[in-house]
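Next come the chains, spelled out residue by residue.
There are 2 protein chains.
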Amino acid sequence: MHTRLCDLLGITHPIVNAPMAGPAKADLAAAVSEAGGLGLIGGSSGDPEWLRQQIKATRERTSRPFGVGFISSFPGLDGLVAVAIEEGVAVIAHSFADPTPYVPAAHAAGILVLAQVQTVAQAVQAAAAGVDAIAAQGVEAGGHTGTSSATLPLVPAVIDAVGDIPVIAAGGIADGRGLAAVLILGAEGAWIGTRFAVSRESAGSEWGKARVVAAGTDDTVLTKVYDLISGSPFPAGIADHVLQNRYTRTWHGREAELLQERTAWRARLEQASQQGDAELAAVRAGNVAGLIDAVEPAGDILRRIIAEAEAILRRRPAEVLG
Amino acid sequence: MHTRLCDLLGITHPIVNAPMAGPAKADLAAAVSEAGGLGLIGGSSGDPEWLRQQIKATRERTSRPFGVGFISSFPGLDGLVAVAIEEGVAVIAHSFADPTPYVPAAHAAGILVLAQVQTVAQAVQAAAAGVDAIAAQGVEAGGHTGTSSATLPLVPAVIDAVGDIPVIAAGGIADGRGLAAVLILGAEGAWIGTRFAVSRESAGSEWGKARVVAAGTDDTVLTKVYDLISGSPFPAGIADHVLQNRYTRTWHGREAELLQERTAWRARLEQASQQGDAELAAVRAGNVAGLIDAVEPAGDILRRIIAEAEAILRRRPAEVLG
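Heads up: the protein sequence lines correspond to chains A and B, in order. Quick note: the first sequence uses the working numbering, first residue 1, plus one each step. Quick note: the second sequence uses the working numbering, first residue 1001, plus one each step.
Simulated from the structure, these hints should not be mistaken for lab results. These numbers were taken from a predicted model, which means no experiment stands behind them. Even glycine gets a Cβ: it sits at the ideal position worked out from N, Cα and C. Hints may contain errors.
[Unchecked claim] Residues from chain B shown here face chain A by an in silico Cβ test under 7 angstroms; the list is partial:
(1) Met1001
(2) Thr1003
(3) Ser1063
(4) Val1139
(5) Ser1149
(6) Ala1181
(7) Leu1183
(8) Leu1185
(9) Val1213
(10) Gly1216
(11) Asp1218
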C-alpha cells in the first residue's frame, strides 16, 4: 500500500499517530515511525526543555522521520515550535488554531507542516496558509475534536475544497476496515488516536487503557464537562470525546450548575486522575473504543491495520463489482 | 455492483432512501424503486387512510419492490403497520423504537423487516428480534438521528455484533465516494436521506431544498430546539440534525429558557414553516449538505452515485495497492 502521503512524508505506510497530549511521547512516536508510519510527539504536554528531551529520546529510538504536533491554542506555543524547528523534526502538526503564522519558518527550515481541522472553513484557511497536508477530524475522534461534522462527510468536502493537498482522515479509524474505507473515500492516509492511546508504548495510564478496552461503541460522550473545570483554552466549537462515567452522567447537560462548584471539582478531578478513579477522571476515547479489545504494541497494531486494509482492498471490490 | 442486500430485497442497486416524514412520499419512493433501489415511503406523515393512498400511488408508478418506514416511537403505529401489511408492501422499516413486537406479523405476511439503529445495543436487540437487515445510522445523518456514534465507527461495530445480518450504512453518504467507502467498510448498502430530500420528487418544500443546496458541511447543528417545541415523541438519545439558522443560533444551548416560551414559539415556528422562513423554520439536513449542489431527479442521483462508486471501486484500490 502506498499513497501520495507516503511520498510526501517519506514513510512506508499512510498512518500518522495523533499527537495526543499525554499518551504520545517518545516511546509511541518512535514505535509508530519504526513500524513505517509517521510518529508524532504530543508537543503540548510539557515545556520547551521537556520537548527537546522527547525529541532526542525519539531520535535515539528511530532513524525514520517523525514529528511533533501541538494544541496550537495553548499558551507557550512559540517556544515549543522554536524547539521543534531547532531540533529539525521532519513534520510539525498544528491543531485547534490557524496554522498560518507558523508555516513560513517551518518551511524555511525544511520542515513539513500538517494542519488538523474540524471544518471545511478551517481546511480552506490551512490550504491558503500553504500547509503540506490536512487532517480532517470528525466528531467521532477521541479526545478534543469538533462538534460539527463526522469523518465520512467531512473528508470528501475537504478534498473538494483544498485541491491537490493530501487529506488525511482523522476520527473513527482503528482497524483495517476503517483505513480501507477512508482511502476509498479519497483520503491519502489515516490519523489514528484512540487505537494508539491503547498501545503498550502509550504514556497514558494503564487504568485508562483498560477502561477503553472494556468500553463499547455506545459508551462515549462528546462533552465540555472536563474542559469547563480545567479551563484548558480550546477554541469555540471544540468538545472532548471521553468515556461516559458517573461524572459525565451527572454533569453533562448541567454545565451551568457544574460551574458553580468549579473549584471543588478541580481538586476532586485532579485527585481522581492521580488515583485512577475512572468514574470521575476523564478517559479520552472516540467511538472506536468498541473496536479495541487489547493493549498491544503500537507496531503490531499498525502492521495489522495495514495488512487488513490491503486484504480488504484486494477482496471487497471484486465481491461488490462481481 | 451487487451485494447481499440486493438479493435480500430483490433490487438492482444497494441503495435505500430514508423514509423521511415529509419528503418521502409516493413520488420519491417510486422514483427510487424505478431506478433500481429500494424506495421507502415515510409512513409516519399521515393517518392509515393517507398511508393506504400513498402505497397505492407508489404501486401505480412502479412494479418494483418498495416499502414503508415508520418513526416507530410515534402514537398510532399499530394502525399504520396494519395498512402496510394489508397492502402487502415488500418491506417495513422501523426506526426510533424496538422493532421486536412487529417482526412476527410482518414475516407471517411475507414482508421483510428493516431496523434502523443508532447504537450497537439497539442493533443487538434488532438482531435478536429477527429483522432481515439493520441500518446503522451515524450522528452525521440529516433529521432525527443518534447522538452517540458516527457512521464510520458504528458500522463495523454493528457488523461485529450482529453476525450475518446485512448492515446498511446510514448517515454521511451523498455521492459515489460515500457509497464506495461504506461498502469497503463492510456495509451491504447505503440508506440515503438528505441527498434524496433534495431531489425533484421529494415532497419537501422547495425553499428548504434551496437552503440545503446553498449550505455547506459546516452549516448544520444536531439539536433539540425544534423537538422541544413540537413535543414530537422521539426517544432519549435522539436529536435533530438541521441547518443552522437564526433560531438555532439563538436557542441551541439555552433550551431551559426556550421551554419557558414554548407556546409562543410553537405558533411562530408553524407560521415560519408555512411561510418558508428558513431563519426560523427547521430545514433538516446532515453534513452531506456540503456535497449537494442541485435539485435533481432522484433516479439521476441514484444512477450517478452507483456509477461513481463503481468507478472508484475499479480505480482506487489499484492506485493504493500499486
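Going through the hints against the structure:
Among the interface hints, the one on Met1001(B) holds; its C-beta lies about 6 angstroms from the nearest C-beta in chain A, closer than the 7 angstroms criterion. Annotation: Thr1003(B) was flagged as interfacial toward chain A, and the flag holds, the nearest CB pair being 6 angstroms apart, inside 7 angstroms. This hint is violated: Ser1063(B) has a C-beta 25 angstroms from the nearest C-beta of chain A, more than the 7 angstroms allowed. Satisfaction of the interface hint for Val1139(B) is found here, the shortest Cβ-Cβ separation to chain A being roughly 6 angstroms, below the 7 angstroms cut-off.
For Ser1149(B), the interface hint holds, the least distance from its beta-carbon to any beta-carbon of chain A being 4 angstroms, beneath 7 angstroms. At about 4 angstroms, the closest approach between the beta carbon of Ala1181(B) and any beta carbon in chain A falls short of 7 angstroms, and the interface hint on this residue holds. Annotation: interface hint on Leu1183(B) holds; nearest CB of chain A at approximately 5 angstroms, less than 7 angstroms. A cut of 7 angstroms between beta carbons decides the hint on Leu1185(B): the least distance to chain A is about 4 angstroms, and the hint holds.
A cut of 7 angstroms between beta carbons decides the hint on Val1213(B): the least distance to chain A is about 14 angstroms, and the hint is violated. The interface hint given for Gly1216(B) is met, as the beta carbon of that residue sits about 6 angstroms from the closest beta carbon of chain A, less than 7 angstroms. Because the closest C-beta pair between Asp1218(B) and chain A is about 4 angstroms apart, less than 7 angstroms, the hint holds.
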